[in-house]
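Line by line, the protein sequences are chains P and W.
Following the working numbering, the numbering of the first sequence begins with 68 at its first residue and continues without gaps.
Following the working numbering, the numbering of the second sequence begins with 16 at its first residue and continues without gaps.
These aren't lab readings, by the way, just hints derived from the structure by calculation.
Note that this is a predicted model, so its numbers are computed, not measured.
From the three backbone atoms N, C-alpha and C, an ideal C-beta is built for every residue, glycine too.
Any given hint could turn out to be false.
[Said to hold, decoys possible] Now the in silico label distances, taken between C-beta atoms and shown as ranges:
hint, chain 1, residue 1, chain 2, residue 2, range
1, P, I241, W, E167, 36 to 46 Å
2, W, K127, P, E184, 47 to 57 Å
3, P, S154, W, S114, 44 to 54 Å
4, W, G139, P, G237, 37 to 47 Å
[To be verified] Which stretches of chain W does chain P cover? Using the computed rule of at least three CB atoms under 8 Å from a CB of chain P, they are:
hint, segment
5, 42 to 49
6, 54 to 66
7, 98 to 106
8, 109 to 121
[As the list claims (entries may be wrong)] A few chain P residues that face chain W, going by a derived Cβ cut-off under 10 Å, partial list only:
hint, residue
9, A88
10, N89
11, V253
12, Q264
13, Y299
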Amino acid sequence: MFLLTAHEARAVGTPAGTAVANTATVTFSVGPGNFTQSSTTQFVVDELVNVVVTLQSVSPVAVTSPDTNRQLAFLVSNTGNGSETFSLLLDAALAGDQFDPSNARLYLDTNGTTVYEPGVDPLYQPGVNDPVIAADSARMVFALCDVPASRTNGDLGNASLRATSKTGTGAGTIVIGGGTGGADAVIGAGGGTSVSQGGYLVSDLAVSVVKSAVVTDLGGGSAPAPGSKITYTLQVSVGGTGSVANLVITDPLPPFTTYVASSLSLNGTALSDALDGDAGDFGGTTANRVTVTLGSVAGGSLPKTISFAVTIN
Amino acid sequence: MKKAVILGLALLLPTWSARAVAETSSAVEIHALAEVEVKVKDADGKEQIKREPAKKVPPGAAVIYTLRAENKGSKPADDVVVTDPIPEHMDYIDGSATSAGARLTFSVDGGKTFAPKEKLQIRGKDGVIRDASASELTHIRWQFEKPLAPGEARAVEFRARVE
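My request is simple: use the sequences and hints to build the entire structure.
What follows is the structure, given as structure tokens:
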């Protein structure tokens with residue numbers, strides 16, 4: 068039995084052009100003499116061309132009609148083992164939706180951010196600034212589109228980004244000498260091209276929060292004096308078509324007040340003050356703040372009622 | 016100065032290589048061959064798998080290594096042992112090494128120690144001891160059970176995948 072430390076995990080994808088040599092050795096004895104002979108064989112690692120485009124934005128993006136410069140972010144990943152140049156194609160005239168986003172443009176990220184920066188990220192011009200992406204690296208690309216006027220609620224307009232290797236296409240195609248480091252390039256299973264789609268949804272979604280307060284003083288009246296209790300009620304409504312995602316309501320305590328322990332509730336059901344399995348907490352997510360996570364809420368659904376109490380210092 | 020060194024080497028080399036040839040010319044020679052399997056269509060249009068020498072290989076492809084030991088001498092060769100490192104950038108394909116007529120062992124420590132695959136264990140980064148995986152093997156060794164008679168040749172084989 069041998070106990071050893073596992074050696075460092077090796078990166079996946081041997082770089083294109085790497086020479087892989089193998090030397091086999093034979094040892095033997097003839098009479099009293101011991102001898103060694105060896106033989107070496109070698110090959111070169113081809114470039115495997117593979118690309119994956121993935122939409123980064125939460126899609127569909129809620130837009131108004133008309134709207135301008137709405138962004139869809141895509142990540143173009145070179146999953147092959149050699150540096151590649153890719154041509155990009157933004158297609159906003161897709162079938163199966165209600166409108167075509169207009170004025171579709173592509174911008175190339177220059178500094179690793181996830182949001183388009185005007186004046187920093189250059190406009191993509193096919194054949195002029197096709198992105199060169201190193202093996203196992205990725206480049207963010209931003210599609211900016213306008214939304215035409217007179218579209219109604221719920222209308223969807225899709226756009227797709229396709230990245231295609233400039234070395235070649237067609238799974239299994241071998242481009243002699245086309246690989247990095249003088250190796251051949253083999254077009255991978257994806258055919259040297261990949262496409263991803265996102266969409267724009269015309270939506271009038273609006274979130275409104277109405278906050279009310281009821282004061283109870285120590286004498287049973289409603290005078291806001293030290294020791295008085297204030298019960299706050301937040302009514303959260305979502306209007307419009309579709310649904311909002313990840314809706315989180317936070318409310319800081321007013322100055323000179325103290326939170327009343329175990330006073331938090333959602334729709335009449337008590338929530339613990341601790342940051343735990345239920346939807347709300349006091350001070351757990353953010354200090355001195357009530358936080359209630361409502362998640363995905365459909366437009367036009369029943370209002371949500373959050374309630375908690377403080378005392379005046 | 017540089018000239019003198021080169022001259023010195025030139026004088027030494029013939030003597031050294033002549034000795035090496037003298038010692039091994041009457042004995043076992045090894046030949047390593049790397050091949051890949053390719054699909055070809057025969058005369059009837061049927062697909063057949065054929066082996067071709069590996070020259071350029073893409074990541075993920077399997078390479079077949081054949082190591083052929085031949086006794087070109089006039090006396091039997093004893094204690095014949097063929098050792099082959101799994102090349103860098105390659106992972107051994109589990110169960111692919113042939114073992115007929117030989118004791119097959121592996122190393123996970125760069126060829127310092129050898130043992131049958133099922134007895135090799137590794138201490139992971141988490142400190143837990145576990146069986147070594149095929150990709151952690153560093154060397155393969157075949158110890159021939161019988162001497163290699165004059166004129167006799169024996170080949171062993173294994174497969175590894177380009178990372």
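Per the hint of 47 to 57 Å, is the separation of the Cβ atoms of W:K127 and P:E184 within bounds?
holds (55 Å)
Range hint 37 to 47 Å (beta carbons of W:G139 and P:G237) holds or violated
Taking Cβ atoms as reference, W:G139 and P:G237 lie about 42 Å apart, which means the hint holds.
Can the segment 54 to 66 of chain W be counted as covered by chain P under the rule of three residues or more with Cβ-Cβ separation shorter than 8 Å?
Answer violated; 0 residues pass the 8 Å Cβ test.
Report holds or violated for the interface hint on P:N89, using the least CB-CB distance to chain W and a cut-off of 10 Å.
Holds: closest Cβ of chain W sits about 4 Å from P:N89, inside 10 Å.
Checking hints one by one. Is P:Y299 an interface residue toward chain W, by the C-beta closer than 10 Å rule?
violated (49 Å)
Indicate whether the distance between the beta carbons of P:I241 and W:E167 respects the range 36 to 46 Å.
holds (40 Å)
If you take the shortest Cβ to Cβ gap from P:Q264 to chain W, is it below 10 Å?
Nearest chain W Cβ about 28 Å off; hint violated.
In this structure, is the beta-carbon distance linking P:S154 and W:S114 contained in 44 to 54 Å?
Since the Cβ atoms of P:S154 and W:S114 sit about 51 Å apart, the hinted range of 44 to 54 Å holds.
Three or more residues of the segment 42 to 49 of chain W near chain P by CB distance under 8 Å?
holds (count 8)
Chain W contact restraint on P:A88 - CB to CB distance below 10 Å
This hint holds: P:A88 lies near chain W, its Cβ roughly 6 Å from the closest one there, short of 10 Å.
How about the segment 98 to 106 of chain W: do at least three of its residues have a C-beta closer than 8 Å to a C-beta of chain P?
holds (count 7)
Confirm or reject the coverage of the segment 109 to 121 of chain W by chain P under the rule of 3 or more residues with a beta carbon closer than 8 Å to the chain's beta carbons.
n = 0 at 8 Å, threshold three: violated.
In the structure shown, a violation is registered for the earlier hints numbered 6, 8, 12, 13, in ascending order.
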